[in-house]
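Novice: As they're listed, the protein sequences go chains A and B.
FYI, our numbering numbers position 126 of the first sequence as 126, with every residue one higher than the one before it.
FYI, our numbering numbers position 182 of the second sequence as 324, with every residue one higher than the one before it.
Just so you know, not all the hints are guaranteed correct.
In silico contact screen, one side only, chain B against chain A (beta carbon under 7 Å); selected entries [stated by the list, open to error]:
id : residue
1  : Ser322
2  : Leu528
3  : Trp530
4  : Gly532
To be clear about the criterion: a stretch of chain B counts as covered by chain A if any three or more of its residues have a C-beta under 8 Å from a C-beta of chain A, and this derived list gives those stretches [what the hints assert, rightly or not]:
id : segment
5  : 257-265
6  : 273-279
Computed beta-carbon distance windows for the label pairs [said to hold, decoys possible]:
id : chain 1 : residue 1 : chain 2 : residue 2 : range
7  : A       : Asn59     : B       : Gly501    : 38 to 48 Å
8  : B       : Leu572    : A       : Ala27     : 50 to 60 Å
9  : B       : Trp191    : A       : Ile18     : 57 to 67 Å
10 : A       : Ala66     : B       : Leu177    : 54 to 64 Å
11 : A       : Gly120    : B       : Pro183    : 39 to 49 Å
12 : B       : Lys281    : A       : Val67     : 45 to 55 Å
13 : B       : Leu310    : A       : Val71     : 42 to 52 Å
14 : B       : Trp312    : A       : Val67     : 52 to 62 Å
15 : A       : Pro33     : B       : Leu585    : 25 to 35 Å
16 : A       : Glu45     : B       : Thr188    : 58 to 68 Å
17 : A       : Val71     : B       : Phe243    : 43 to 53 Å
18 : B       : Lys281    : A       : Pro33     : 12 to 22 Å
19 : B       : Phe243    : A       : Ala27     : 48 to 58 Å
These are computed hints drawn from the structure, not numbers from a lab.
Just so it is clear, CB atoms sit at the ideal spot from N, CA and C, and this is done for glycine as well.
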Amino acid sequence: MTTPGDYAIIAVLIVTAISICAGIMVATHIIGPKRHGRVKDMPYESGVDPVHDARQRFNVRFYLVAVLFLVFDVEIIFLYPWAVLFPSLDQPEAASAYAGTVGDLANLGYTNGFFLASIGIFFTLLTIGFIYEWRKGIFRWD
Amino acid sequence: MPTRWGALPNSGIDKNPTPVDRIIRDPKIVAAVALVMLVLPPIGLTAAWLAFGQPLLDLMKATDPAILQFVFSLIMMGLVLFIVIHLCAALILAERKISAFIQDRQGPNRVGFFGLLQPIADGIKFMLKEDVTPARVDKPIFILAPCIAFVVAMISFPVIPWAGTVELPWGGTLTTQVASLDIGVLYILAINGLGVYGVVLAGWASNNKYAHYGGMRAAAQMLSYEIPIGLGVLVLLLVSSGTLRLEVIQDQQTATGLWNVFLHPIMFLLVLTANYAETNRAPFDLAECEQELIAGFHTEYSSMKFALFFLAEYAHMIIGSAVLVTLFLGGWEPLPGVSLLHGNNTWWAALIKFHIFWGKIIGLIGLYMLVRWTVPRFRFDQLMKLAWKGMIPIAMALVVIEGVLVAVGIKVDPTAGFVGNFGVLAVHLLVNAVLLGFILWQLSRTKAPVTGRQDNLPEIEVVPSRPAGQGGVSHA
């Protein structure tokens, strides 16, 4: 079982990692030399003088990838609870293990096929969307 | 005659060695130091055990089990953090030596005998170099980005079951997992998902076009390749009925001796490949490919800020390999098919398990390095095509297949042992073979990739050159 101590350890670990990082940053800031110059402070673009700001418009395909990732990742996360429960739903002990949640469903006579079909509908919708994106040419980068 | 790995005798640097050079290049002195470093710790540990062992055991017996577990977890945390950071340094040297071996070069061989002190020299040099912050960068984000990359890489290891549990002689158990979370798998996925922030913020803050393109590419790549990893873990959750705990998933593999890599070889390859892409390493180092983008998102970073990105990449490799070992390769079990260490919870078994686990991790990292130095880099459209048109459809197909298999009752029985689960293994291998055949068939009927060379040039009309003296321009 997970105890509060487990999360406390993770908090300690995060604090440790941040302090290591902060220590390194402060040390390197103090130790190294500091020499500035107009040319040295320019962005390094292979010796060519930089032409206006680097933060400009970028290709919309990067944006599409981010949107697709959002959709897909949420859908995958939605599949996780199903994947955790599904293998043990038809077993007798599932009724006691998940009593009050899905155990009741198992006792009411819902079979594996029902749970597979219900997630299958969702997965089919996901696949239809995927095929649409494919045919639309969103994955074409050339 | 220069030896293959030794220092070249006639190179200029050896003509005027400094006293320090004499010391660190003398094999005898280095060997003596190494011997002392090997001999002293066992002697020291034995002495400490004789002096403080019994009082320590008494103290452990007297403490509350929850507090004992907390203290032990803290010690494990420090130990693993220590190992990860130092292994990073060792791996950087190993990588340079392996690349040198593959490219028939010498590799680092100046600092210390065989170049063994190179990581220390690198570390000192990183510290002493100037920490350049160019003008017009977004300063807070510029400083924050390497911190995010480093911290995210360092905090994803607590849920990995390094050596199972240890049974105490006076009753009770200690788990070597730093934090045994119910949501172990989700924790790993969530923390690894944060890694993209370090890269994309570094690229954005630098105000450098190379860094900007590198950051954008890295973001698109890391996001795309997270989906196969998520689907791969989903399949494993279906196999190892009903848990998100890494130690239970690992235990079910060692109980039967049937590692998940045998059940899902294609999925293992997908997740392994996606791991290469997640760590931005060749052949997927599009974000920092030297010929196009100088150093990509960390072009403007110098000194320890750059080193933090470097450490983060290597720590990502180590933790990614640890997750693969846990999920697919049976964790600390030495051999597939037999359960040698399963159920053996003594302290010495835990020590052996810990070493086997790290041995497997280092083996996988060796594979990372061989792949990096042998496989040429992808083009960006090929990279995206591989993720979205290759790996994701295959992973989705595997999820559907595994769901159907579980629904019809073909699933691993943890109590049946290797032979009892032979039918399950056979069905999975058959399905994987069929899927592999389908993939190969699809590959064979799709168009060949466009390369620089065009094999089927169209016929062109060749105009016959005019003989001399008929008005042709002479180039002589």
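Novice: Under the constraints set out in the numbered hints, which ones does this structure not fulfil?
Specialist: Those not satisfied are hints 2, 4, 5, 9, 11, 12, 15 and 19.
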